[in-house]
Structures are given as structure tokens and as C-alpha cells.
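*Asks:* Hints in hand, dock the two standalone chains.
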Amino acid sequence: MHTLTLSELAKKLRAKEFSVTELTKSLLSRIEKSQPTLNAFITVTAESALAQAKVAESTLASGDASPLTGLPLAHKDIFCTQGVKTSCGSKMLDNFVSPYDATVVEKLSAAGMITLGKTNMDEFAMGSSNETSFYGPVKNPWDLKLVPGGSSGGSAAAVAARIAPVATATDTGGSIRQPASLCGVTGIKPTYGRVSRYGMIAFASSLDQGGVIAQSAEDAAMVLGAMSGFDPRDSTSVDTPVPNYVETLNAPLAGLKIGLIKEFFEKGLDASVEKLIREALKVYEKLGAKLVEVKLPALPLSVPTYYVVAPAECSSNLARFDGVRYGYRAKDPKDLMDLYKRSRGEGFGAEVKRRIMTGTYVLSAGYYDAYYLKAQRVRQLINSDFKRAFAEVDVLMGPTAPDVAFGIGAKASDPIQMYLNDIYTIGANLAGVPAMSIPCGFSRDLPVGLQIAGPHFGEAKLLNVAHAYQKETDWHRRIPAAFAKEVL
Amino acid sequence: MSWETVIGLEIHAQLSTKSKIFSGSATAYGKGPNTQANLVDLAYPGVLPVLNGEAVRMAVKFGLAVDAQVAPRSVFARKNYFYPDLPKGYQISQYELPVVGKGHMDIVLDDGTKKRIGITRAHLEEDAGKSLHEGLPKLSGIDLNRAGTPLIEIVSEPDMRSAKEAVAYLKKVHTLVRYLEICDGNMQEGSFRCDANVSVRKVGAEKFGTRAEIKNINSFRYVEKAINYEVARQIDVLEGGGKVVQETRLYDPDKGETRSMRSKEEANDYRYFPDPDLLPVEIDAAYVASVKATLPELPDQKAARFAAQFGLSEYDAGVLTSSRELAAYYEEVAKLLAGGKEPSKEQAKLAANWVAGSLAAALNEHNLEIGESRIGAAGLAGLLGRIADNTISGKIAKDVFEAMWAEGKEADAIIESKGLKQITDTGAIEKAIDEVMAKNPGQLADYRSGKDKLFGFFVGQVMKATGGKANPAQLNELLKKKLAG
Numbered sequence: 000m001h002t003l004t005l006s007e008l009a010k011k012l013r014a015k016e017f018s019v020t021e022l023t024k025s026l027l028s029r030i031e032k033s034q035p036t037l038n039a040f041i042t043v044t045a046e047s048a049l050a051q052a053k054v055a056e057s058t059l060a061s062g063d064a065s066p067l068t069g070l071p072l073a074h075k076d077i078f079c080t081q082g083v084k085t086s087c088g089s090k091m092l093d094n095f096v097s098p099y100d101a102t103v104v105e106k107l108s109a110a111g112m113i114t115l116g117k118t119n120m121d122e123f124a125m126g127s128s129n130e131t132s133f134y135g136p137v138k139n140p141w142d143l144k145l146v147p148g149g150s151s152g153g154s155a156a157a158v159a160a161r162i163a164p165v166a167t168a169t170d171t172g173g174s175i176r177q178p179a180s181l182c183g184v185t186g187i188k189p190t191y192g193r194v195s196r197y198g199m200i201a202f203a204s205s206l207d208q209g210g211v212i213a214q215s216a217e218d219a220a221m222v223l224g225a226m227s228g229f230d231p232r233d234s235t236s237v238d239t240p241v242p243n244y245v246e247t248l249n250a251p252l253a254g255l256k257i258g259l260i261k262e263f264f265e266k267g268l269d270a271s272v273e274k275l276i277r278e279a280l281k282v283y284e285k286l287g288a289k290l291v292e293v294k295l296p297a298l299p300l301s302v303p304t305y306y307v308v309a310p311a312e313c314s315s316n317l318a319r320f321d322g323v324r325y326g327y328r329a330k331d332p333k334d335l336m337d338l339y340k341r342s343r344g345e346g347f348g349a350e351v352k353r354r355i356m357t358g359t360y361v362l363s364a365g366y367y368d369a370y371y372l373k374a375q376r377v378r379q380l381i382n383s384d385f386k387r388a389f390a391e392v393d394v395l396m397g398p399t400a401p402d403v404a405f406g407i408g409a410k411a412s413d414p415i416q417m418y419l420n421d422i423y424t425i426g427a428n429l430a431g432v433p434a435m436s437i438p439c440g441f442s443r444d445l446p447v448g449l450q451i452a453g454p455h456f457g458e459a460k461l462l463n464v465a466h467a468y469q470k471e472t473d474w475h476r477r478i479p480a481a482f483a484k485e486v487l
Numbered sequence: 000m001s002w003e004t005v006i007g008l009e010i011h012a013q014l015s016t017k018s019k020i021f022s023g024s025a026t027a028y029g030k031g032p033n034t035q036a037n038l039v040d041l042a043y044p045g046v047l048p049v050l051n052g053e054a055v056r057m058a059v060k061f062g063l064a065v066d067a068q069v070a071p072r073s074v075f076a077r078k079n080y081f082y083p084d085l086p087k088g089y090q091i092s093q094y095e096l097p098v099v100g101k102g103h104m105d106i107v108l109d110d111g112t113k114k115r116i117g118i119t120r121a122h123l124e125e126d127a128g129k130s131l132h133e134g135l136p137k138l139s140g141i142d143l144n145r146a147g148t149p150l151i152e153i154v155s156e157p158d159m160r161s162a163k164e165a166v167a168y169l170k171k172v173h174t175l176v177r178y179l180e181i182c183d184g185n186m187q188e189g190s191f192r193c194d195a196n197v198s199v200r201k202v203g204a205e206k207f208g209t210r211a212e213i214k215n216i217n218s219f220r221y222v223e224k225a226i227n228y229e230v231a232r233q234i235d236v237l238e239g240g241g242k243v244v245q246e247t248r249l250y251d252p253d254k255g256e257t258r259s260m261r262s263k264e265e266a267n268d269y270r271y272f273p274d275p276d277l278l279p280v281e282i283d284a285a286y287v288a289s290v291k292a293t294l295p296e297l298p299d300q301k302a303a304r305f306a307a308q309f310g311l312s313e314y315d316a317g318v319l320t321s322s323r324e325l326a327a328y329y330e331e332v333a334k335l336l337a338g339g340k341e342p343s344k345e346q347a348k349l350a351a352n353w354v355a356g357s358l359a360a361a362l363n364e365h366n367l368e369i370g371e372s373r374i375g376a377a378g379l380a381g382l383l384g385r386i387a388d389n390t391i392s393g394k395i396a397k398d399v400f401e402a403m404w405a406e407g408k409e410a411d412a413i414i415e416s417k418g419l420k421q422i423t424d425t426g427a428i429e430k431a432i433d434e435v436m437a438k439n440p441g442q443l444a445d446y447r448s449g450k451d452k453l454f455g456f457f458v459g460q461v462m463k464a465t466g467g468k469a470n471p472a473q474l475n476e477l478l479k480k481k482l483a484g
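Those protein sequence lines, which keep their order, are chains A and B. Residue numbers for the first sequence, in numbering that gives the first Met the number 0: 0 to 487. Residue numbers for the second sequence, in numbering that gives the first Met the number 0: 0 to 484.
In isolation and in its complexed conformation, chain B is listed as follows (with noise of 0.2 Å):
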């Protein structure tokens, strides 16, 4: 029998604004516990939120991003119930009515289509704090220092059909949320985290399966192996006649494996209303046009201009502008590498291949960010202006830029104190193909009898002879006159 899996994700993305949604305190993370926790915070009796406005701009930002309706009215509601780190016993939220509508965000599959994954709806809520348990026996520490930082839960519709796409749809957000300078997007701090929503049905089934909701995942890589996990094992529930019910389940990276936190039944009710504390939300059409005027060029918009400007292929947009500082590195570099003028689609290429390559490989492999890259633009560039002008190869290309990478020097330099200037004198070249040719005679001979395969061969020696520095193209040609004879 065949399943398809249904998933929708909700997430949850930090504002990074500077102060706290409906307090004056900072929201830095990582200072020491409670030292950012005001009386508003700690919900004093008496005090009351004010609203933050810059996390209302950041939440507008993002929904004109997606496409979607931001509402000319809004409301924040209280969502309640009591736990440690919740201190008012209620969180602030929206509920009927969020600032953002219905908006879609386009993904790309495997096979290269695009798939449009829409968007519900995405609105306004405070952060909790944290309970902390480490080295306090028999007793639970409460952190404040979370509670009331601005999130945006951007809620999904139930398109994504695979782990995969889940994924795609997931990294295209954080991409966004970079781009608008809206979010850090630091997973492992929790700045931006989802909760997925999975069920399976059979293929050709139009109604849903029974859902369950994998809370907190924060990473990629949980992401997915937390729905792959829970797929199969509502596969296993349904094939072995049993029923899926509707809960709240935890991902466990260490065990890998996804476990029950409370059903249905058990899940509180809520109890929301509009909070009587704050205003709704109004915005007008000039505001909405004055946050419009300060959104950056998209991650698609930008994908788009690459692959029709320098000639790229959707991929490598793809790959360059999955931040926006790779992909102005990437500009910089090929502008650079033009003399300051619009590149050739060969200078862009060249300058696409080394970005996407060598360097988003090195970057990887240091796990750094593009702003910490020990090559700058200008240094890249440099190395790059070397290729194109045939002063080295490709491939010594790559060990100068291994030596730029771990010594910090321009590549001309490198090239000049290593001695990697490409051969491009004809005679040189001939004298050591001749020297080849004369210390090989016997494979001189196969290939002169019909063995072509001992071409590479020749090539080989002939670049050993010269220090690999010998200008390939050329090499080829005048190789290919001389075995010929």
C-alpha cells in the first residue's frame, strides 16, 4: 500500500529587534539569568505592555516578503495558562485576527520544479522564559531573560508531501528572515525553531490523516529526520490496523525518535481573548508603503537577476543567494574581477564557480560565516584576474588559493614567491615536450601506432616536467603537432 505524507510547519522566528515586544528590556542572548527581566517581565502587579512598534514593522516586512495581506487591523490576544517560565500565567499573542494574512512562498524540488507552499497567516506573540535544571538538586531555576522577546510564528498550509520539501520550505524562510534583517536566524540559540505537523494518508485519499505535532525541532537536519521518523511510524501504526492519534510529540536527536507529550485530552484550553491591555493594531496604507520602501531586493528577485544578468544557471543563482552577504560577496567579486565595469557571462561564471566552490567549501569546512572568510572579495577576485589571464591554471588556482586561505596573502604574491606562473612560452613548452618525448620513446611509439589514450600520459609528464605550470590549452595544441611528428 502507498502512503503520501501531509506535513505543515509552524515557526517561530525571534525578532531581532533590540528591545523586548511589550517591555523597555534588552533581549542580547546569553547574558546571566534574569539580568534582562524588568518588572514587566517578571509580571510585577500593575504593570502593564506596551507595544513595541519596531516588532509590528518587522512582522509587516515579512508579510509583504510572502506576498501576503498585512492587516489594516490587528489584535493581540492573551493565550492562557500557567507554567514557571510564563510569568503573567498568560502569553501575549494574535488569534483571530494577525497582522499577516495569506500569503505563499515558492520552493524547488529535486527534479528542479517549483512548488508553491502557502502561507496561512503569520503573527505576533512574546517569547516564554526558561527553566533551568542543571545543578540545582530537587529544585527548578526560572532564566527571564527570553520572556517577552518578539516572535513571529509563520504558519503553513498543510502542502509540503515530503520530509524533503519540508526542509526546502524551511530554509527558504530562514533565507528570508536573513534578508529582511528581521531574524538571526541562529538555530542553535533558538532565534528560529518550528513545530511540525504530520499525518499520512493513502495516495488518492482526499481527506487527512489524524495529525500529530512534533514540537521545538532546531535544525535542518532534525527536521527532517523528525518527520521521517514520525512518517514511518504512523505508517507502521496504520499498516498494523491501529489508529493515529491526534498529540503533541517531542523529537529526540539523541535517540532519534519522536515520543508522546501529551494528547489531545490532555492539551490545555486556552482560554483566549483579546488582551484589554493593548490597543488593536492599526495600520494604514502609507505605513504599509513606507515598509515596503525599505524591503531589500528577495532571495528569488535576486536568484532571477543573477541568472538572467550573468547568465547563471538557476542552481547557482540559487546556491549565491541563499544569504545576502554571499551573494554580495559574489557581486563584488565579479564586478572586481570586470575592472570595476558589468562582468562578461564568462567573468561571472568564472567568479559564480569559485564562490559556490572552493570558497562556500572552505567556509563550510571552518564553519564560517561569509562575512568571516579569510579571502575577501578583492583577494578572490585577485586570484581569479590570474586564471583569466592564463597567469596560472585552474588548478594551480586552487593551490593558491589554499595557500591565500591559510596565510593570508594577495595571490600574486603567492604566485611570485612560489614560483606558479603558468608557462606560456611556446618554446619552453616545445623544449620540454621534446625532452618527454625523447626520455619515452617506446610509448612515443605505441601512440604513434594508433594508442590516442597515451595522450593524457604525455600530458602528464610533460606538466610534471614543468611544475604543473604549463598553460593547459596550449600544452594540448602544441602536444598534439609534435606526437603527430
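Excised from the complex, chain A in its bound form (with noise of 0.2 Å):
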């Protein structure tokens, strides 16, 4: 039962070939014996999944279940979890359990999904490999030599190993759509504003956005439309109905105008990748769209902007992390200032560190014009190229990461180089419009990742796009060989 989808799990419940609890037993089963490999999960919540999948059988019984009831989904760390451990991949909060669920925690629940537990991150999701995580790199299920890419590096490993048939992702600078790519799964980031960050762990709380990774376009599109909404909590949540995904995703192509970004294409893309990329372009050519080349000339400036606004919200993000209330404390401080100094000195990692004192820098006296203001003006240009390209064309296409996924340590000392990873992910999170990564196809026995961007609130679309792609491909539905055994 682990090749299934979302959607035909949901049917093979409901004709009773398994039930609830079988489907969560065979999961944590396969969850428990790859953990030693994969490392994909920080914390493990069996006892409360087998609670949770009687309480499923019981609702599907009664009639009243909702389309994702009794389905089991895995939930990135970053996400607030009632008396679970909440630990953003961090030693600061190796200790924290908390005491409320995030708001998308609590939707998913309520629609009767079943957690099995959190997955594995980059430190407070600062990375792009997964190997700043306090609790040791995720292997990348296609080659366990290599990094699944960050920082979602867990919820996309899972996916693809199917020891998860889904999990909740967030995404600040590509950390939902550059481990799908790397790990061959399916990932949406939506717009910002469509789904709530409450219970979220901030990283830099004008770029992150929570969503999902899934097997498919339309496993994507079944929890993508439970998560989202509008959150009194949370003041940049936006108050627009929710359309139904599920609905639309079959919705026909023709006349479909897809924008080529032209300068993701120009320099620093894997030749392999970059055939691929067109191979797909193909596809949707062959479904009736027309490709256009689109210019989005301040998207180069995507990286250095990003390095100065991240950074800058993140240092006061964290500034919350001071060893006082939760959290790592130092032993035996002298005084306050010790207190502060070696509780953060010690409880977060280097790469955390680099940002926070990067941030820091430039919002300081003197440096803010420079840097922090000159990165919005920046940020506004690239906003406005991605509102003309829309004004063109319906959806953005190009590739979700220049190259397939690396060794583990081949970056990690060059942070330049590991940051260039999401050199075609950020400007999304910049412009806050959603964008989403599709498998599509193999180099080097590694999956590549085709990146399709939408405007503001075209999810729906977005994921029309990818599920037509995907009923004319399988790329999504290979699985590892090392996971390809239902029991490992």
C-alpha cells in the first residue's frame, strides 16, 4: 500500500481492502527500519498516529469523514505540535514540547489526517541540503550518499522513500520545491498569505509560507485546499475563499501561455538538466500550450536580495530564543549576559549563526539604507517583473535547481555555492506568488525537477498544469529502488 496516492489510498479505505490502523502500522513499520538509513524523522508519534487512526476507522464507519480522513501525512518540525516535540532541527529547542498545535497542524487533524510524526530539517530551515539539522543530514532516498536537498529535506525524502505518502513543507527561499526536485516528488509552495503561519516556526516571516509535498499534483491539491485559508492568528493571512483544487485539476490545457523565464536558462544550468527541462516543455506543447520567452531582468538580483532580507528578519526572529522561557539554557550562567551568550552561543549551529550575525549587520546603524533598504526597492522590482510576465502569460516554467542532488559535505563549506542552490526558487518567495516543482525525469539515475510559477492565488491553475503533466507521465510514480519493498 505504499505506492498508493493520497487519492487512492482514500478509496481503498472506504472499500475496506485495509484499514486505517493497517495502513498506519505498515507506515510507522517502514518509517522505523529506514530511519537508520534515511534519517528522514526527528520524532516519531506511533503511539498518537494508532489513537488517531481509530478515531479515523470510527468516522469513516459513521458516514461523516471528509476526503482526507484516516489518511496518514507526516509534518515537517517547523510546525507547533501539541505535547510533541517541536524542534526546528535545532539544539535550542531539542527540549521544546509544545504546548499548542500550529494552525495548520490543527486543519489537517481536524480533517481527520493521521500524523505520524516530524520530519527531519535544515536548523530552523536555513539550508538547502539538510545538513545544518541538529540531528544529522537526511540521506537522499535515490542515493543515500547524497543530500535530499533543504530545508525540507525530510518531508521530501519521506515522500519519495514513501514512508510518508504525504507531508507538510514550508518554503522561504525554495526549501519546499528544491528537495522535491532533488528527491523527485511533488512540491507547492503556494502564495504567500494562502495558508497560515501560525504555529510556524518564523524563519523570515515576509518569505515563508507553509505547503506541501506530495506524490502527485493531485495529493497536493487534496491537502493544499485543508490547510489554506484565511487565520485570524495570523495578520498576513489572506481573507479569500479557498477554491477547490481537487475540482479544477483536470480542467484542459489548450491556449494555455506558459513564459519561459529566459534568464534561468542563460548560464549555471546543467546541460542534462536544461534537456530535460525542454523535453517537458514539449509535453504541454503537445497538450495544446504555447511557450513564450519571458524577461524577469531583475531576477538575477533574486540571491543577493534574498541573502539581505532573510537574514535580516531571521536575527530578530530568533532573538526570542535567549534561554529564558524554553529552549536550551546554558549551565550555570555567571549573570545575564552569560545567560544570553552561551545559551545561544550553544544552542544554535553555525549556519544559524552566519544568518543571525548577517541580519544583524545589515540593519545596523549605518548599513540599514545600504543593504535592508536597498534589498526591498530590489525586492519591488522583482515583484513587478513577475506582475508583467503574468500579465503575459499564465504560468512561469523552468527548472527548480541547476543541477541534481550533490554529495553530503560538497558544499557544506562554501556557503556562496550552497546558497546558488535556490538561485531559481527565490524569486517567488520575493514576489509571493506560488510556484510548485514537478518530477520530470532522470540524470544520472537522479530526478529533476521542472519548476511551474503562477500569479498571486493561481494555485488552482498551477496544479491543472502539473496533474496534466503528470497523466502524461510516471516520473512521479517511480519510487527508489531501496524503498521499492512494501516491507523494508
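These are computed hints drawn from the structure, not numbers from a lab. Computed from a predicted structure; not experimentally measured. Please note that the accuracy of each hint is not assured.
[To be verified] EDC-like mimics (lysine to aspartate or glutamate), calculated; alpha carbons at most 20 Å apart, straight line:
1. A:Lys-340 - B:Asp-84
2. A:Lys-340 - B:Asp-268
3. B:Lys-137 - A:Asp-334
4. B:Lys-137 - A:Asp-473
5. A:Lys-373 - B:Glu-95
6. B:Lys-129 - A:Asp-473
[As the list claims (entries may be wrong)] Far from chain A by the CB rule (all over 10 Å, computed), these chain B residues:
7. Asn-79
8. Asp-109
9. Ile-141
10. Val-202
11. Glu-205
12. Ser-259
13. Lys-301
14. Lys-344
15. Arg-373
16. Ala-444
17. Lys-452
18. Val-458
19. Gly-484
Yeah, the Cβ is synthetic: ideal placement off N, Cα and C, and Gly gets one too.
*Replies:* What follows is the structure in C-alpha cells.
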């Protein structure tokens, strides 16, 4: 049953081919078996998952089940889960048990989904390889020597290895799409404001957005619909109705105008990746779409802009981790300063410290205008680029990442090389537009992702476009050999 | 050499919203530590602020009352610094775009002239928590009940030239925020407090001197003392050939002095930037108009009306309008005295004298607010009615007032039971005069031989004989006649 998508699982649960408990147990066993090699989870909530399964079974029997009732999922460990450790991949929160549920968790639990556990991630979502996690790197299920991407590496690896049918994730600069690309799964980062950030531990508030990593666009549509919507507890969530994403999945693509981002094909893109992207575009042409080249001239500035804005916000967002009220606290502090310095010095990892320092610097008196303000202006330009593009085309397409997955340790000592991995994904965060990554083939036996971006609140179109491709191809159904068997 | 003092005030007024500015916790004062701090106040991972619209409404109300521009778009910013009573590691405040822009406030100086004090801006922000040290050896406790309580910080221009002016301005703002019902004004509990920026310069100099900021002064008296101390200190430094350094100082009320807290060099770089968790506050004309419609009659408007309508002096009008409740009490007394009609100038003046005089003194003595007065408006009007209809004299009325205050009875009951009714019967007064004249032949002779001053002696004697109840006007008239022979 591990090879089944959510919609298939839902049908079979209702047909009583297996029970929710059986499904849950099977997945828990896969998680347990894969943990030593894959390291995709930080916490497994077996007991409560089985309890939720029992409840789901009676809900299904009673007939007032939601389409998601009884379907298991994993939450990225950035989402607060009541009574369960919520570490955000950091030593700082290794001892933190959240007293409340994030809105996303609350909504999906209310829809009857079963929480299998919390997935591994880069510390505080800062990283593109999952190597910054306090809990050790997650491995890429396609090759255990390689990184799964990050920061939602645990979620992407878990879905790729089919140890969780679907997982929540977050994306600040590509943290859903890049690992989805590197692991050969489908990931969607919705419009900024579509999904509540309440209970999602903040990295960069103006960029962070929750989303889904799934086996298919259809699965992503099912879960995204249930987790989206206005939340009075998040002032930046937008009060606009949530469409039924599943209903529009099969809309015809004839006449669809696809914009190819010229700048994304100019340099730094691996030739084999480019070839696969071009082949995917041909599939769309066959489906009746038109390809147009579009220019987003400010887009190449997105990496430097991002690495001013995101660290600035993180330097402030992470100030609350001070050893006073919760989380890691240094032993025997001499005085207040010592408590602060050692708790933060010992509790945060190197990448988090690097970004806090960068952020503190760019906000400092005398540097604010030159860095933070200028970055905000460039952000406006990037925003305008997207706006202009979407006046011409329905969706934008291009690669998700410049290359396939790289080796663990290969870029760990070179932050700039690491940051460049997000060169194609960051723009959507800066502009707040929705974007997704879908598997579009393999290079060197490793998955490659096609990125699709749309205008604000264009999720339904994105999912429709992705689903149309997935009806024509089976890249998204490929499972890594090491995880192909039902019992691991 | 003569020096000029330059003062600007930053007033922090806690807004009397029921819940905090960015969370649903209650704001009530005096509850057990951390019982009014929820996950948002405690800055738990993942929580987010949500703006309390009521706080914005109150700030707008203030802006309108000081004739200021209400910003169509204002932005919350983060002020970053580490302190245990600041759980997020930043305070949400407003920086470049405050909700209230330039406005002003008029104060009355000692010589009766008016002076306009400029208000630079007023912005919304959250209060911090409190550190507790008592009973916690070698530890500090943190109480976050106050964390997130809404404040408006009202920043003045450096327009004040003496501690007295500063106090007058502070009092005026204090009166205003209570009129507007946006702040309870309780200085002891810290709901209304101020920082004073103080500098001195040579008279005639154009440039301001270097200023020191005195932090967190929480009484009118301390503001005056702290500023005067600081001015004297700065003059001393300058006259001794030294330089005033820009720094933050703390006023110690026990020692009556200010002392250095931190210098400019030690000051934090707060790294302000717009808070990405909160949307800009957009305020349109319709909203401003709707708030404007809720504005009460403001202190200055009320004082002007009292002066015009009741013929009160500017001073009396000022005193009587120093709080909305006092003004209402006064108006009620005057109206009841006039039998529910528009009071005459005499009635209005009588009521003014008593409310601003004996009543204010009694309240002051017992440290009571007007709402807690032991004599209600009807009671006082009853007493004043007996003065107006000559039942008792003003002097006897003071005794009746005291008895009313002590016993909580009506004026009439006290006048009746103590037999204080004024003697207005001409015959009875004449009889008493005759007796006094008969008893004091020597003084009578002296008076008649030209010692006019003895008139007072005879008034006193007759009053004594009548137990103070003789109608003073009648007594004067009759006595003059009789003494003349």
C-alpha cells in the first residue's frame, strides 16, 4: 500500500481493502526501518498516530468523513504540535514540547489526517541540503550518499521513499521545491498569505510559506485545500476563499500560455537538466500550450536580495531564543549576559549564527539604507517583473534547481555555492507568488524537477497544469529501488 | 551668566483597552505574576501578533484631540534589544511612520498667558514586562502581565522652558487622556509616565545644548524636582568649564537627584525595521470621521464654555474642567441649584466657589476622586440652596458642609437638628443689638466719638449672641442704624 497515492488510499480505505490502523502500522514500520539510513524523522508519534487511526476508523464508519479522513501524513518539525517535541532541527529546541498546535496541524488533524511524526529539516529551515540539522543530515532516497535538498529534506525524502504518503513543508527561498526536485516528488509553495503561518516557527516572516510535498499534484491539491485559508491569528494570511483545487485538476490546457524565464536558461544550468526541462515543455506543447520567452531582468538579483532580507528578519525572529523561558539554557550562567551568550552560542548551529550575524549587520545603523532598504527596493523590482510576466502568460516554467542532488559534504564548507542552489526558487518567495516543482525525468539516475510558477492565488491553475503533465508521464510514480518493497 | 532651560517630554500612556495590543490577554493591573500572559506574550515559537483595533481607535482619538494629522498609513516596526522582560527580543513599536503626526497643546503660564506646546508625534507600541527581585535571592523573576499592554508614546517638541511649564503640559495631557477615556492616568501603577529631555543654553543662543534624557518619572512632583535638579546640575557642569554629555539618566526620588544610566556610546543600536508579521495600518477619512464623532467635549472647549456660559473666571473654569467627572459634578450642582433650569451667573459662581473650594479641599484631604465624594451633587446643591435663600450664612454653611461630609446627611436635616437656621427676623436681630449695646457702654461711647473700627467688635458680639445665625447683611444694616443712635 506504500505505492498508493492519497486519492488511491482514500478509495481503498472506503472499500475496506485495508483499515486505517493497518495502513498506519505499515507506514510506522517503514519509518522505523528506514530511520537508521534515511534519517527523515526527528520524532515519530506512533502511539498517537494509532489512536488517531482508531478515531478515523469510526469516523469513516459513521459516514461523515472528510476526503482526508484516515490518511496519514508527516509534519515538518517546524510546525508546532501540541504535546510533541517541536525542535525546528535545532539543539535550541531539542527540549521544547509545544503547548499548542499550529493552524496547519490543527486543520489537517480536524480533517481526520493521521500524524505519523515530525520530519527532519535544516536547522530553523536555514539550509539547502539538510546538513545543518542538529539531528544529522537526511539522506537522499535515490542515493544515500547524496543530500535530499533542504530545508524540507525530511519531508521530501519521506514522501520519495514512500514512508509517508504526504508531508507538510515550508518554503522561504525554495525549501519545498528544491528538495522536491532533488527527491523526485511534487511540492507546492502557495501564495504568501494562502496558508496560515501561526504555529510555524518563523525564519523570515515575509517569505515563509507553508505548503505540501506529495506524490502527485492531485494529492497536493487535496491537502493544500484543507490547510489553506484565512486565519485570524495570522495578520498576513489573506481573507480570500479557498477554491476546490481537486475540481479543476482536469481542466483542458489548450491555449495555455507558458512563459519561459529567459534568465534561467542563460548560465549555471546543467545541460542534462536543461534537456529534461525542454522535453517536459514539449509535452505541454503537445497538450495545446504555447511557449513564450519572457524576461525578468531583476530576477538574477534575487539571491543577493534574499540574503539580505531573510537574514535581517531571522536575526530578529530568532532573538526570542534566549534561554529564559523555554528551549536550551546554558548551565550555571554567571549573569544575564553570560546566560544569553552561552545559551545562544551553544544552542544555535553555525549556519544559523552566520545568518543572524549577517542580518544584524544589514540592519545596523549606517548599513540599513545600503543593504536592507536597497534589498527592499530590488524586491519591488522583482515583484514588478513577475507582475509584468503574468500579464502576458498564464504560468512561468523553468528548472527548479541548477542540477541534480549533490554529495553530502560537497558544498557544506562553501555557503555561496550552497546559496546558489536556490537561484531559481527564491524569486517566487520575494514576489510572494505560488510555485511548484514536479518530477520531469532523471539525469545520472537522479530526479530532476520542473518548476511552475503562477500569479498570486493561482494555485488551482498550477495544480491543473502539473496534473495534466502527470497524466502524460509517470516520473512521479517512480520509487527509489531501496524503498520499493512493501516491507523494508 | 543667565541660562535658558529647554525641555521636551516623551509621555507613555497605557491605553485602557481590555486586552493587549497584539494578543487576547487581559490587561488588568495587579494580578498574580504571569497570570495574564499567554503564548503570544511569552513569545513562544511560532506565535504571531494580531493588532487590537481598539488601540488604534484610541490613538486616533488622541490625535484628533490634539489637532494632529492622523496618518493614512502607519507601520509597526521592531525595536531590537535583549532584555529578560522583553520576551521576543524586540519591542513592536512605530518608527518612521507613526499613527499620529504633528499636533499641539496649549498650556496656561503663571502670568495667565497661553503657550502652545508642539506635539511632534504619537505612536503605538507595546509595553514590556517587569523584572522582580524581591524575595528572590540571587535570582530575578520576570512578570509578563504587563508585556504587550498598549501604549501611546506622545513626543513633544522641545518647547518648554521650565520645569513648571513641563508639569503644566504633562498635567494637560493627563487631563486630556482621561477625558478621552483612553488611559486611566494612574501614575502610581505606571499607566502614565514620562521621560524628560533636558538641556540648557545661554539666553539668546540659537543652538540647543547637549541634552540628557531622564527616564521613567512617575509623578508630577518628581517631574518638577527631577528637571530642576538636572538643570542645576547641567549649569554647574557648564559653569565649571565642563561639558554636558548626552546620556540617559535616572531620577532617584529618595535622594532627589538624577544619575547616569548609560552614555550615548553605550546606547543600543535598535536595528528598527518594519515588522513583517503585521500589515501597515490603513486609516481612511470615513474611519477618522467616525472616531471624531465619538470625541467628548474637550477640556479647553469645556473651560471656554464654562467661562462664557456661567461667567466664570478662566482660572475657575480651568479648575472645574480638570477632569470630566468634576466638570459634570459642577454642572449638575449648578443646574440643581437653579431648580433644573439654566443657572444664573450668581448661582453658577456660588456653585463654582464651593466645588472648587470646600469640596475640592475635602476630596484632596481624604485623597478621593470626585466619583467617591461623600457629598453628591444633589447634596451640595441642597446646601447651596440654603445659602441662596438666606436660611444660613456662608460661614454657617461651612460648618454644615463639614457635618454633611462627616455624617452623610442632607443639609436641611443638619440645619434643622443643630438649629442653625439664620435669623432674618428684624425684630430678633434688633433685640440682640440692643442687648449688646447695653452690655458695652464704653465701646459704644468710643464708637460714637469716632472710633469706627469698633463696628467689627459689635458685629462679632451680636453674632456671638445669636450663635452666628444672624443674617450678616441685615445685621450690618441694622447695627449701623442703631449705633448711629
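*Asks:* Are the hints correct? Go through all of them and say.
*Replies:* So, going through the hints one by one against the coordinates:
| no. | hint | in the structure |
| --- | --- | --- |
| 1 | A:Lys-340 - B:Asp-84 | holds, 17 Å |
| 2 | A:Lys-340 - B:Asp-268 | holds, 18 Å |
| 3 | B:Lys-137 - A:Asp-334 | holds, 10 Å |
| 4 | B:Lys-137 - A:Asp-473 | violated, 66 Å |
| 5 | A:Lys-373 - B:Glu-95 | holds, 17 Å |
| 6 | B:Lys-129 - A:Asp-473 | violated, 61 Å |
| 7 | Asn-79 | violated, 5 Å |
| 8 | Asp-109 | holds, 42 Å |
| 9 | Ile-141 | violated, 7 Å |
| 10 | Val-202 | holds, 35 Å |
| 11 | Glu-205 | holds, 28 Å |
| 12 | Ser-259 | holds, 20 Å |
| 13 | Lys-301 | holds, 39 Å |
| 14 | Lys-344 | holds, 56 Å |
| 15 | Arg-373 | holds, 48 Å |
| 16 | Ala-444 | holds, 89 Å |
| 17 | Lys-452 | holds, 77 Å |
| 18 | Val-458 | holds, 75 Å |
| 19 | Gly-484 | holds, 92 Å |
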